[in-house]
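Colleague: Residue-level listing of the chains:
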Amino acid sequence: MKASFTVNGKRYEVDVEPRMTLADCLRHSLGLTGTHVGCEHGVCGACTVMVDGSAVRSCLMLAVQADGAAVQTVEGLAHGDTLAPLQTAFRKHHALQCGFCTPGMLMTAHALLSVEPNADAPRIREVLSGNLCRCTGYLGIVDAVLEARDAYRKSGAGVGG
Amino acid sequence: MKLPVFDYAAPDTLAEAVALLAAHAGEARPLAGGQSLIPILAFRLAAPSLLVDLRKLPGLDTISISGTGVSLGAKVRWCDIEADSKLRAAHPLLAAAVAQIGHYQIRNRGTVGGSLAHADLAAELPGIAVTCDAEIIAVSAAGSRILKAGDFFLGPLMTALGADELIVELRLPPWRVERRWGFEEFARQRGGFAMAGVALFYDEHNGLARNTHIGVIGASSRLQRITIAEAVVNGRVVDEQTIVAAAQAAAAAVDPVDDVDASAAYRRALVATLVERALRRAAA
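Protein chains in written order, with my numbering: chain F, 1 to 161; chain D, 162 to 445.
Isolated chain F (complex conformation):
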């Protein structure tokens, strides 16, 4: 079945089985392997991408459901070799170790700060509760998101993506 959507501003036409999730479509059909697939049933948050501006679990969405949508993935955050503010802050605060959860963490935080650039630590923790990290203990991640807020306050949703 055919579907057409943009990913990070670039238009893609795909012909996929209806049962293919958006996560698998991004990875297998489009080769965009930045989006990670963890639990495949909506618990771990590793596959989080943005669809029409909202953070969603791409393992709980069919690729055909994304027809006509604008998808943003972690590949869209950096500009070439220049990291986005969230990515810089993650590196500075050691907000990742193995890195498996990181694309989901980044896209969740990017979606949040794009809408709520003044989110406080409890709000950030609440939102990140949908993303599991088994390495860091979360402290560095929360610190990184807190620090990245400045960039979003200054330039709004135009940060990365």
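Note that these hints are calculated values from the structure, not bench results. Possibly wrong hints are sitting among the right ones.
Stated by the list, open to error - Computed cross-link-like contacts, SDA-like style, restricted to lysine to any residue with a CA-CA straight-line distance of at most 20 Å:
(1) F:Lys92 - F:Asp150
(2) D:Lys217 - F:Met1
(3) D:Lys309 - D:Glu296
(4) D:Lys217 - D:Asp173
(5) F:Lys2 - D:Arg216
(6) D:Lys163 - F:His28
(7) D:Lys217 - F:His28
(8) D:Lys309 - D:Thr388
We have chain F; now place chain D onto it with these hints.
Modeller: Here is chain D on its own, set in the frame of chain F:
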């Protein structure tokens, strides 16, 4: 796991959607946000031959507040409810319960109709629907009908909805401004399914409670109001004595499931604690 094989249709109108459900009765499932259905498919707990995606259907995404109560279209998402500041005043119990649903990403996709149709015993909205004596409007090719929430939920993941019917709306009766209410649930992780939860409200008249409604989620094999505990509260001052008596009555009345998440005894004790907390919150 990868999802089982199915066909997919995204009809443009409600009439086409219910026609597809009727033509594939028992084999087709409606798909809205997919936050319950897709995991069910991933676990291979269901294998419908056709998913009827509702994303192109016009309407069904309206929140309306009027003298006749609060109406939620089936495609209203949790994030829509959270963002509606009028709704917080018009139905604070609903707003408090919805704030506990799932995670940020799930709240961006999960819908009213999906949660009702999925009918997880620990889900917040079915609990609110039953506690508030809500009505569920279902449409099929034959027409529409109104189902009382108390009759709608038959058991775990089981409802009175016909295979050819589609939920289009949830209607909650009007909320009295002075109404006292509480919502409490307990889960191991933020956003996880509650081991038990309690939604309740009562109206106060001359210092005495009346019209008490108490509903429990996640701790009985069927979603129903706990009328025995409601009777304990009605006609009394909601003081410590009433609160403890109601909590004990509710704990005795529930029929908790015993599973890997919690034992039946634990859930029963939890119900007592949560009724106490919710009544204290209501009376404060």
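Colleague: Against this structure, judge whether each hint is valid.
Modeller: Hint check:
Under the criterion of a C-alpha separation no larger than 20 Å, the hint pairing Lys92 of chain F with Asp150 of chain F is consistent with the structure, at around 15 Å. Restraint check for Lys217 of chain D and Met1 of chain F: satisfied, since their Cα atoms lie roughly 17 Å apart, inside the 20 Å limit. A threshold of 20 Å between alpha carbons decides the hint, and for Lys309 of chain D with Glu296 of chain D the separation of about 5 Å falls inside it, so the pair holds. Annotation: proposed proximity of Lys217 of chain D to Asp173 of chain D holds, straight-line Cα distance about 5 Å (limit 20 Å).
Between the alpha carbons of Lys2 of chain F and Arg216 of chain D the distance comes to roughly 16 Å, so the proposed pair stays at or under 20 Å and holds. Distance restraint check for Lys163 of chain D and His28 of chain F: the Cα-Cα separation of roughly 13 Å lies within the 20 Å cut-off, and the hinted pair is therefore satisfied. This hinted pair does not check out: Lys217 of chain D and His28 of chain F have alpha carbons roughly 27 Å apart, beyond 20 Å. A hinted pair counts as satisfied when its Cα atoms are at most 20 Å apart, and Lys309 of chain D with Thr388 of chain D qualifies at roughly 16 Å.
When the structure is compared with the earlier hints, a violation turns up for hint 7 alone.
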